[in-house]
Amino acid sequence: MLASAAVGTVEYRSMSEAVRAANPMVDYVEGHAVDVDVEKKVVKVELESLLDDVREGKPPVINLSYDRLVVAVGCKVADDMVPGAKEHALRLKSCDDARRLRTAVGECLEYASRPDVAARADLSEEESLKRQKERRSRATFAIVGGGPTGAELAGELMDFLNDVRRSRVGAYARLKDDVKIMLLHGGSDLVPQFDKSLRHRALESLRKEGVDVRLQTRVKEVGDGFVKIAKKGDEGNVETVKVGVTVWAAGTAPVDFVQTLLTKLPQEAAGKGGRVNVDSWLRCPMPSKDLLGSILVLGDAASFEDQKSDFDFLPQTAQVAGQQGAYAARLIGRGYDLTQTPPAISPNDDSPLSKWLRFRRSDVAPKFSFFNLGQLAYVGGGKALSEIQIGNIPILKYAGSASYVLWRSVYLVKQVATRNRVLVTFDWFKSTVFGRDVTRL
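Per the UniProt record's numbering: the sequence shown = residues 1 to 441.
One or more of the hints may lead you astray.
With a straight-line Cα cutoff of 25 Å, these simulated DSS-like cross-link-like pairs (lysine-lysine) come out [to be verified]:
#1 Lys-414 x Lys-76
#2 Lys-414 x Lys-397
#3 Lys-86 x Lys-272
#4 Lys-93 x Lys-228
#5 Lys-242 x Lys-133
#6 Lys-180 x Lys-264
#7 Lys-414 x Lys-93
#8 Lys-76 x Lys-272
#9 Lys-130 x Lys-180
#10 Lys-176 x Lys-196
#11 Lys-289 x Lys-367
#12 Lys-196 x Lys-397
#13 Lys-196 x Lys-208
#14 Lys-76 x Lys-86
#15 Lys-367 x Lys-272
#16 Lys-41 x Lys-264
#17 Lys-180 x Lys-93
#18 Lys-176 x Lys-133
#19 Lys-133 x Lys-228
#20 Lys-264 x Lys-44
#21 Lys-289 x Lys-41
#22 Lys-86 x Lys-208
#23 Lys-242 x Lys-232
#24 Lys-93 x Lys-272
#25 Lys-228 x Lys-130
#26 Lys-86 x Lys-289
#27 Lys-86 x Lys-220
#28 Lys-44 x Lys-289
#29 Lys-93 x Lys-76
#30 Lys-228 x Lys-242
#31 Lys-130 x Lys-176
#32 Lys-180 x Lys-242
#33 Lys-180 x Lys-133
#34 Lys-232 x Lys-196
#35 Lys-231 x Lys-86
#36 Lys-180 x Lys-231
#37 Lys-242 x Lys-220
#38 Lys-76 x Lys-220
#39 Lys-58 x Lys-86
#40 Lys-242 x Lys-231
It should be emphasised that the hints constitute simulated quantities derived from the structure, not laboratory data.
Take these sequences, add in the hints, and give me the full structure.
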């Protein structure tokens, strides 16, 4: 829902819940894991600088001992593949990113509305063209990457721009002929994770809403106020496009902690795309047998080969991470001995839980298996893609308004708390009745 927050459809706080409030049973430490000693079972944490404006020097670092370390740090945007992308492109991986994007979009629209670039009847043709060029360069938004993140952002941003440039009532009605969204994608199809028929519908829907979708297009450079692009197969013909904002939504890369962790593990731990290889119980390879099971890796940080699903390796999605998180919690909570293969309840454990697990014949931990429920993506104009399945059995493939209702329903149910569900529902109602919020705080 970050794309929705970036354009004022919902507010950041409506979909956020404090960790302490969500689970008061855990001890929470706000900081960044920067190093780990796998032999001594100690993780080094750089605490968050909560008083950035007055504190001087480096943030304090503490050591936390562990019995089991669950690595669920996700991934970061791979914005170092193209010159200038890291310095000049915005991202969409957190609420802070959504807030920055919302501010940047508002600033570009405000700049394009300034009197010194506004259209006037008394201007010469040369001056009018000069001003029009300046307005359009500031009111052009480039999104790099045609996966679900890029497609959803293009759809949400187009909805927002259609809202604010509506005749007479729109806040930026004067810019109705100047605003433009470019969606740049290196592949031949948008949202390649979906069925081919749905990919075509996504392209059709976005173009119908007014998004300039350019397929098989490579970004060669991102600069301050421009992107350089070229068609695949015609790399020598580079086009420079003036833009107000560039958003990078192409590809992912491992976070620094995962790279650090891999240096402490055996060579066979290095997996696809810089991720950590894990076995059927989410355990990563360790330097010695007695350490096996002390570190579990899941979500975007893990490279898991699932023989029972349609995937060679599980995709980096919230659905996979959620199921792996619940599975890891059961492994630890039930007290399986993770040094064994397969993990099992110790025969000397006579606790009521262990007796119950033996009674249910669950004293040996089952292997993790991803249960695919399908995928959803919003593509603008009140339309969404839905590909619903149960495991490997396809149930429904549809694109349209009904999928949009389903998309919203799923996101509503997935909110952390009842408070979030109420606030998100109210935000949707508010944006439908009064339009999206254009204020920048």
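Structure-based check of all given hints:
| no. | hint | in the structure |
| --- | --- | --- |
| 1 | Lys-414 x Lys-76 | holds, 22 Å |
| 2 | Lys-414 x Lys-397 | holds, 21 Å |
| 3 | Lys-86 x Lys-272 | holds, 23 Å |
| 4 | Lys-93 x Lys-228 | holds, 24 Å |
| 5 | Lys-242 x Lys-133 | holds, 9 Å |
| 6 | Lys-180 x Lys-264 | violated, 48 Å |
| 7 | Lys-414 x Lys-93 | holds, 18 Å |
| 8 | Lys-76 x Lys-272 | holds, 15 Å |
| 9 | Lys-130 x Lys-180 | holds, 17 Å |
| 10 | Lys-176 x Lys-196 | violated, 33 Å |
| 11 | Lys-289 x Lys-367 | holds, 19 Å |
| 12 | Lys-196 x Lys-397 | holds, 10 Å |
| 13 | Lys-196 x Lys-208 | holds, 18 Å |
| 14 | Lys-76 x Lys-86 | holds, 12 Å |
| 15 | Lys-367 x Lys-272 | holds, 21 Å |
| 16 | Lys-41 x Lys-264 | holds, 12 Å |
| 17 | Lys-180 x Lys-93 | holds, 23 Å |
| 18 | Lys-176 x Lys-133 | holds, 14 Å |
| 19 | Lys-133 x Lys-228 | holds, 17 Å |
| 20 | Lys-264 x Lys-44 | holds, 14 Å |
| 21 | Lys-289 x Lys-41 | holds, 14 Å |
| 22 | Lys-86 x Lys-208 | violated, 31 Å |
| 23 | Lys-242 x Lys-232 | holds, 20 Å |
| 24 | Lys-93 x Lys-272 | holds, 21 Å |
| 25 | Lys-228 x Lys-130 | holds, 21 Å |
| 26 | Lys-86 x Lys-289 | violated, 41 Å |
| 27 | Lys-86 x Lys-220 | holds, 13 Å |
| 28 | Lys-44 x Lys-289 | holds, 23 Å |
| 29 | Lys-93 x Lys-76 | holds, 7 Å |
| 30 | Lys-228 x Lys-242 | holds, 9 Å |
| 31 | Lys-130 x Lys-176 | holds, 17 Å |
| 32 | Lys-180 x Lys-242 | holds, 11 Å |
| 33 | Lys-180 x Lys-133 | holds, 12 Å |
| 34 | Lys-232 x Lys-196 | holds, 21 Å |
| 35 | Lys-231 x Lys-86 | holds, 22 Å |
| 36 | Lys-180 x Lys-231 | holds, 20 Å |
| 37 | Lys-242 x Lys-220 | holds, 14 Å |
| 38 | Lys-76 x Lys-220 | holds, 21 Å |
| 39 | Lys-58 x Lys-86 | holds, 24 Å |
| 40 | Lys-242 x Lys-231 | holds, 17 Å |
Taken one by one, the earlier hints fail for this structure at numbers 6, 10, 22, 26, listed in ascending order.
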